[in-house]
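So the chains spell out like this:
2 protein chains.
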Amino acid sequence: MPDRRLDVLAIGNAIVDVIADADDPFLAAHGMHKGAMQLIDEGQATRLYAAMGPGREESGGSAANTVAGLASLGLNAGFIGQIADDQLGTIFTHDIRSLGVEFGTEPRNGIGATGRCLILVTSDAQRTMNTFLGAAQMLDAGAVDPVHVRQAAILYLEGYLWDPEGPRAAMYKAMDAAREAGTKVAFTLSDSFVVERHRADLLRLLDERRIDILFANQVEAEALAQVPDVESAVTALKEKVETLVVTRHEHGALAIRGGERADVPAEPIRDLVDTTGAGDLFAAGFLAGEAHGLGLERSLRLGAICAAEVIQHYGARPEANLRALAGDLLT
Amino acid sequence: MPDRRLDVLAIGNAIVDVIADADDPFLAAHGMHKGAMQLIDEGQATRLYAAMGPGREESGGSAANTVAGLASLGLNAGFIGQIADDQLGTIFTHDIRSLGVEFGTEPRNGIGATGRCLILVTSDAQRTMNTFLGAAQMLDAGAVDPVHVRQAAILYLEGYLWDPEGPRAAMYKAMDAAREAGTKVAFTLSDSFVVERHRADLLRLLDERRIDILFANQVEAEALAQVPDVESAVTALKEKVETLVVTRHEHGALAIRGGERADVPAEPIRDLVDTTGAGDLFAAGFLAGEAHGLGLERSLRLGAICAAEVIQHYGARPEANLRALAGDLLT
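Chains A and B are the protein sequences, given in the same order. Per the working numbering, residue 76 is the first one in the first sequence, and the count goes up by one each step. Per the working numbering, residue 76 is the first one in the second sequence, and the count goes up by one each step.
Keep in mind the hints are simulated off the structure, nothing from the lab. Among these hints, one or two may not hold up.
What the hints assert, rightly or not - Which residues of chain B face chain A? A few of them, derived with a C-beta cut under 7 Å, are:
| no. | residue |
| --- | --- |
| 1 | R131 |
| 2 | E132 |
| 3 | E133 |
As the list claims (entries may be wrong) - Chain B is faced by these chain A residues, among others (derived, beta-carbon under 8 Å):
| no. | residue |
| --- | --- |
| 4 | G149 |
| 5 | I166 |
| 6 | H169 |
| 7 | E325 |
All C-beta atoms in this analysis are idealised placements derived from N, C-alpha and C, irrespective of residue type, glycine included.
Same shape as in the complex, but just chain A (with noise of 0.2 Å):
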């Protein structure tokens, strides 16, 4: 039995976010459409950013901000991601050091800057994602340690890092060495874009059961199994896959596992601010209620708080000690 160092081992995005507000016509005039992520080069992202207001900087990428959720509920976590050794770099780095993350991937430069993701957000707290990638969609197999990968309990595998080719097989690399060492693999479907472009990749790694825990909204859910609603979504996928949580905004979530079913209500909010990071952070809890061996049910509670701290503040990480927000489901 390996020596289970790390409850969790991410593959992600090293990106820091740049978060501005903005509003409906300014969306409109730049061609996004609001909620989504759509992937921009260096070109469009200083165009951007000239055009949008003062900002607030801030560590992010998907799996990452998963991490920093991990290590404030107590968790032992890791992160593989690619920066440059540039100021943002250092950004990224030391934020997620400082949670106590094991952050290791060498920076390297010629590779561009540091990635960057910049999120309007709007009056109504939803938030556009315009990711410039950078650096990060430059992580190659070379950052993959399998002996790193058999120290964790669990391979967090981050859906957007799916489109380049280099982190995918990064990602390839880890699950290979996951599978050796019986170390479980979670993965993210992040956007319904990556389903998108990568569905018969995706089903593959499911019929190959490479993947242990599937993460799915309800529309990247339906998108996978090209299917109009969520309950037929999950009757399709729910067999390709060991454990399936589908989170569903302010209605709630649930997972399936074998015969078992779970399902949950989103928890209860005072000021909804910003929903940057509601699935990120609804990962950190059900991840962290799994490595505890919670069961379904409290596992998606705790993904469900995690998830609500992190809409009523803006920014994707945690602000608040979410060890002390499980209160009794940790104990």
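Starting from the known structure of chain A, fit chain B onto it as the hints suggest.
Structure of chain B alone, referenced to chain A:
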């Protein structure tokens, strides 16, 4: 009569804030005095950054925060301050320009990185600041164009910048241009350490009638006058300057001009979160009132409104539209 294209032209530190939560033992362990500002060098900045928690980055700088407030109040403002040609410099430039502030100081290389202020916020909403000035202290007289100064109704100078030699020369040059052009000179003492280090210099500026509007908080006023209470400080200083403004935190503020004196209470607030920027935004409101010819009492009230906004959220730049908050005061 010169064309006063700008209501206010400010000279100050071009700095990005790095804001993190901390507790009293952390401040003590790192030898900080709660509520104060201290200058640190690059090595100290690196060590402190490594020790502190995850940060939020937001443009800062005392006078830069003030012009951000002026822009939010609908005034025409310009800013002079030194950044390096790096990512933090890009962030500073973007944020201030996106508010409509004129900022044309060329970034320079080979003078160190763009300055940053490591701000630790404790649960009592006090901010303790550790400033690595970096490029900001390399501002020199070449950055000041007398023609530019002449276009402003008010020249606003940040006392923090009186400390390093180059910026002091830049401020002397600007004051000379202001005197020739009939531009009013406003000066903020910034911090009692500035007063302690430059008391003779500052008193000489007042005696030479180079300053028309002096901003001080209670502690700075007492330090400058070397008296133990605010009323004695007011008595000692009021003859030395056309307009004296003294802020007193939760006790409100007062202003004296000639035979006239006004006192206002602090504005009521709902949640005290982070006092960073309170004095900077108070100055913005007061200067906007002056620019609109509101008179002492209403200018003080506008200052109090702006200060109340900024202390109810993290960060030293306004988040709300101050013009809207000002309501009838500015119609």
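Right, here's what the structure says about each hint:
no.	hint	in the structure
1	R131	holds (5 Å)
2	E132	holds (4 Å)
3	E133	holds (5 Å)
4	G149	violated (16 Å)
5	I166	holds (7 Å)
6	H169	holds (6 Å)
7	E325	violated (25 Å)
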